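Listed here are the chains, written in short residue letters.
Number of protein chains: 2
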Amino acid sequence: MGDPTQAVWGIDIGGTRTKYGLVDRSGSVLTADVIETQPREPAETLFNRLFERFEAYLADRPADVRVQGVGIGAPNANFHTGYIENPPNLRWGTVNVADLVRSHIDAPLAITNDANATALGEMRFGIAGDLRHFIQVTLGTGVGGGFVVNGDILHGHDGFAGELGHVTVVRNGRLCGCGKRGCLEAYASATGLVRTVLEMLADTLADSPLRDVAPRDLTAKTIFEAAENGDDIAAEAFSRTGRTLGEALADAVALFSPEAVVLFGGLTAAGNRIILPAREHMEKNLFPAFKGKVKLLTTGLDQGRAAILGSAALIWNELEKHTP
Amino acid sequence: MGDPTQAVWGIDIGGTRTKYGLVDRSGSVLTADVIETQPREPAETLFNRLFERFEAYLADRPADVRVQGVGIGAPNANFHTGYIENPPNLRWGTVNVADLVRSHIDAPLAITNDANATALGEMRFGIAGDLRHFIQVTLGTGVGGGFVVNGDILHGHDGFAGELGHVTVVRNGRLCGCGKRGCLEAYASATGLVRTVLEMLADTLADSPLRDVAPRDLTAKTIFEAAENGDDIAAEAFSRTGRTLGEALADAVALFSPEAVVLFGGLTAAGNRIILPAREHMEKNLFPAFKGKVKLLTTGLDQGRAAILGSAALIWNELEKHTP
Numbered sequence: 054m055g056d057p058t059q060a061v062w063g064i065d066i067g068g069t070r071t072k073y074g075l076v077d078r079s080g081s082v083l084t085a086d087v088i089e090t091q092p093r094e095p096a097e098t099l100f101n102r103l104f105e106r107f108e109a110y111l112a113d114r115p116a117d118v119r120v121q122g123v124g125i126g127a128p129n130a131n132f133h134t135g136y137i138e139n140p141p142n143l144r145w146g147t148v149n150v151a152d153l154v155r156s157h158i159d160a161p162l163a164i165t166n167d168a169n170a171t172a173l174g175e176m177r178f179g180i181a182g183d184l185r186h187f188i189q190v191t192l193g194t195g196v197g198g199g200f201v202v203n204g205d206i207l208h209g210h211d212g213f214a215g216e217l218g219h220v221t222v223v224r225n226g227r228l229c230g231c232g233k234r235g236c237l238e239a240y241a242s243a244t245g246l247v248r249t250v251l252e253m254l255a256d257t258l259a260d261s262p263l264r265d266v267a268p269r270d271l272t273a274k275t276i277f278e279a280a281e282n283g284d285d286i287a288a289e290a291f292s293r294t295g296r297t298l299g300e301a302l303a304d305a306v307a308l309f310s311p312e313a314v315v316l317f318g319g320l321t322a323a324g325n326r327i328i329l330p331a332r333e334h335m336e337k338n339l340f341p342a343f344k345g346k347v348k349l350l351t352t353g354l355d356q357g358r359a360a361i362l363g364s365a366a367l368i369w370n371e372l373e374k375h376t377p
Numbered sequence: 054m055g056d057p058t059q060a061v062w063g064i065d066i067g068g069t070r071t072k073y074g075l076v077d078r079s080g081s082v083l084t085a086d087v088i089e090t091q092p093r094e095p096a097e098t099l100f101n102r103l104f105e106r107f108e109a110y111l112a113d114r115p116a117d118v119r120v121q122g123v124g125i126g127a128p129n130a131n132f133h134t135g136y137i138e139n140p141p142n143l144r145w146g147t148v149n150v151a152d153l154v155r156s157h158i159d160a161p162l163a164i165t166n167d168a169n170a171t172a173l174g175e176m177r178f179g180i181a182g183d184l185r186h187f188i189q190v191t192l193g194t195g196v197g198g199g200f201v202v203n204g205d206i207l208h209g210h211d212g213f214a215g216e217l218g219h220v221t222v223v224r225n226g227r228l229c230g231c232g233k234r235g236c237l238e239a240y241a242s243a244t245g246l247v248r249t250v251l252e253m254l255a256d257t258l259a260d261s262p263l264r265d266v267a268p269r270d271l272t273a274k275t276i277f278e279a280a281e282n283g284d285d286i287a288a289e290a291f292s293r294t295g296r297t298l299g300e301a302l303a304d305a306v307a308l309f310s311p312e313a314v315v316l317f318g319g320l321t322a323a324g325n326r327i328i329l330p331a332r333e334h335m336e337k338n339l340f341p342a343f344k345g346k347v348k349l350l351t352t353g354l355d356q357g358r359a360a361i362l363g364s365a366a367l368i369w370n371e372l373e374k375h376t377p
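So the sequences go chain by chain: A and B. Quick note on this note's numbering: the first sequence kicks off at 54 and runs consecutively. Quick note on this note's numbering: the second sequence kicks off at 54 and runs consecutively.
Hints are not guaranteed to be accurate.
Selected chain A positions facing chain B (in silico; Cβ < 10 Å) [said to hold, decoys possible]:
(1) V202
(2) N203
(3) D205
(4) A214
(5) G215
(6) A303
(7) P341
(8) E371
Computed beta-carbon distance windows for the label pairs [said to hold, decoys possible]:
(9) A:R185 - B:N149: 49 to 59 Å
(10) B:G357 - A:G324: 50 to 60 Å
(11) A:K344 - B:L83: 50 to 60 Å
(12) A:K344 - B:N225: 10 to 20 Å
(13) B:L329 - A:T134: 31 to 41 Å
(14) A:I180 - B:D86: 18 to 28 Å
(15) A:H157 - B:N149: 52 to 62 Å
(16) A:N325 - B:G357: 34 to 44 Å
(17) A:D205 - B:N149: 23 to 33 Å
(18) B:L329 - A:D256: 35 to 45 Å
Don't read these hints as lab results, they were simulated from the structure. Since the model is a prediction, treat every value here as computed from it, not as a measurement. Backbone N, C-alpha and C define an ideal beta-carbon position, used for all residues, glycine too.
Bound conformation, chain A alone:
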């Protein structure tokens, strides 16, 4: 029998599902699963269900694994305070996660929002291992940003830095879920893509198979398939989405001077339909000093496991910071 494997719990709390895994220092996943978040239940219930599973797993192999810490990625999770503050899609109000976890396990804990966790995962286990300055952009239902400065996540004074999804791209534009108008998230996310299609269906008379799909059923996948089958509206909606993204990225580059921007999340499955216009319009709008210098890449993480790997990277990083 060898030494026990050192590993951490990586947890990603989403509005509908919570993913977790036990991850060693090299990114190997010893076990992983998904449970329903049950967003109407109190947070305590979710943590009770998670730790029941953790304890059951470990009880079967007491000598094999030593849990070193817990990393959590969640919407509105505050790295500085250990609180999750009024997460959208969860009826939790503000939750002291540090306390909840401490009632189950005596181990170091770190939390941050899901976009930041993904950036850390990209750095530790993906394609950003050599990058000291980069921007991780998650293009999913919403748009998330994780800004890495000097090899570490930028949390800012309040712990909420990196809200790339909520920079304004169209003054008085579309209403965003955050209550503002014209946010990048209302344009360059999967839901933004759907809204762009609806706008184009309203604005033009062009025929399109997307006129046969109820708006509620329209997804990025439906639109992608229509584009692949030659539908011009669908193809143009991707172009516009990529363009808006690229324009917003050019501004973020002007402020941060990153070496690269890494795209992550569901929309990246559209590949060049989103990447090419994003790259073209980022480049076109760059401040001259940055032209030709900033790479636009797609994630090197297995997107199915990225959320767990990101949360695990978060706590591994913290553990290493405190080890001389």
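Given chain A's structure and the hints, the job is docking chain B onto it.
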């Protein structure tokens, strides 16, 4: 006779004038002066003229002062490389400042752009002493940004981070000196204010004393005086300038989560005519998590000496970093 005073040369190179001063650790200025930059002359000539003066000053008091280092703020100065790269308004091309300085003095050197230097000055000698995360915005002929993250200037991968003046505020808007269109600098600077007045004079039929001033002679000062004398066009031009600034700041806050934004530079002389609309529209456009939390302040530095103090702060910081 006491020990010699430890001091640094703080130099601020502008398109027309170069300011310098000898500054001790507490911000006392032992001597300071201004010379013409002579932008058509090679950089070497400027440095020869500067160091002639430095040496003359020190020759008179050899036992009183010990020069510890040299800090330089200049447009397009790259902290990482020690180069000034194609500065606008100077016919220098790219200049190895480190080499030029080393031919005159054997002392540590640090360079950065003028906006970053000002942020460092604000932190060391102004009102930002307690701030670990803030944004310094210089509103002069152009718009400069100095972003302080965890108590240090964000230089980014390329050394050119913080180009707040070149984020896009109006898609396909006014031509900017950088070659792009719609940059913040084309709206929220002294020259942007003048352009806003011209636009309003074109757009309306309202009478205004500003119709008697040749565009080339219009300055922020003329416009401020007109506003103070009750001219509506002038007053509204300030409001629009502040509004555009505030809107852009809200986006910068979403990315950086600063504790405060500090305004600096000539346009701040307009006081509430610029501050109030900037504050109102920053607040109105903030991502909800930041509402009511981010202060908009004006500089605590003597604006006449700020450039020198900023460059001095730069090199004092570097000296202290390398002292255990």
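Here is how each hint holds up against the structure:
A cut of 10 Å between beta carbons decides the hint on A:V202: the least distance to chain B is about 6 Å, and the hint holds. Restraint check, A:N203 versus chain B: the minimum CB separation of about 8 Å is within 10 Å; hint holds. Interface hint status for A:D205: upheld, as the beta-carbon distance to the closest one in chain B is roughly 8 Å, under 10 Å. Taking 10 Å as the C-beta cut-off, the interface hint given for A:A214 holds, the closest approach to chain B being about 4 Å.
Hint status for A:G215 relative to chain B: holds, with the closest Cβ pair at about 6 Å, below 10 Å. Interface hint at A:A303: satisfied, since its Cβ lies 7 Å from the closest Cβ of chain B, which is below the 10 Å cut-off. Given the 10 Å rule on beta carbons, the hint for A:P341 holds: about 6 Å separates it from the nearest Cβ of chain B. Residue-level restraint check for A:E371 is violated (minimum Cβ-Cβ distance to chain B is 16 Å; threshold 10 Å).
A C-beta distance of roughly 24 Å is found between A:R185 and B:N149, which places it outside the suggested range of 49 to 59 Å. The hinted range of 50 to 60 Å is satisfied by B:G357 and A:G324, whose Cβ atoms lie roughly 56 Å apart. At about 43 Å, the CB distance of A:K344 to B:L83 disagrees with the hint of 50 to 60 Å. Evaluation of the 10 to 20 Å hint for A:K344 and B:N225 yields a pass: the beta carbon distance comes to about 18 Å.
As the Cβ distance of B:L329 to A:T134 is approximately 32 Å, the hint placing it in 31 to 41 Å holds. Between A:I180 and B:D86 the C-beta distance comes to about 52 Å, which lies outside the given range of 18 to 28 Å. For the pair A:H157 and B:N149, the supplied restraint of 52 to 62 Å holds, since their beta-carbon distance comes to about 59 Å. For the pair A:N325 and B:G357, the beta carbons lie near 54 Å from each other, so the given range of 34 to 44 Å is not met.
Restraint check, A:D205 to B:N149: a C-beta distance of roughly 31 Å satisfies the suggested window 23 to 33 Å. In this structure, B:L329 and A:D256 meet the distance hint of 35 to 45 Å, their C-beta atoms being roughly 39 Å apart.
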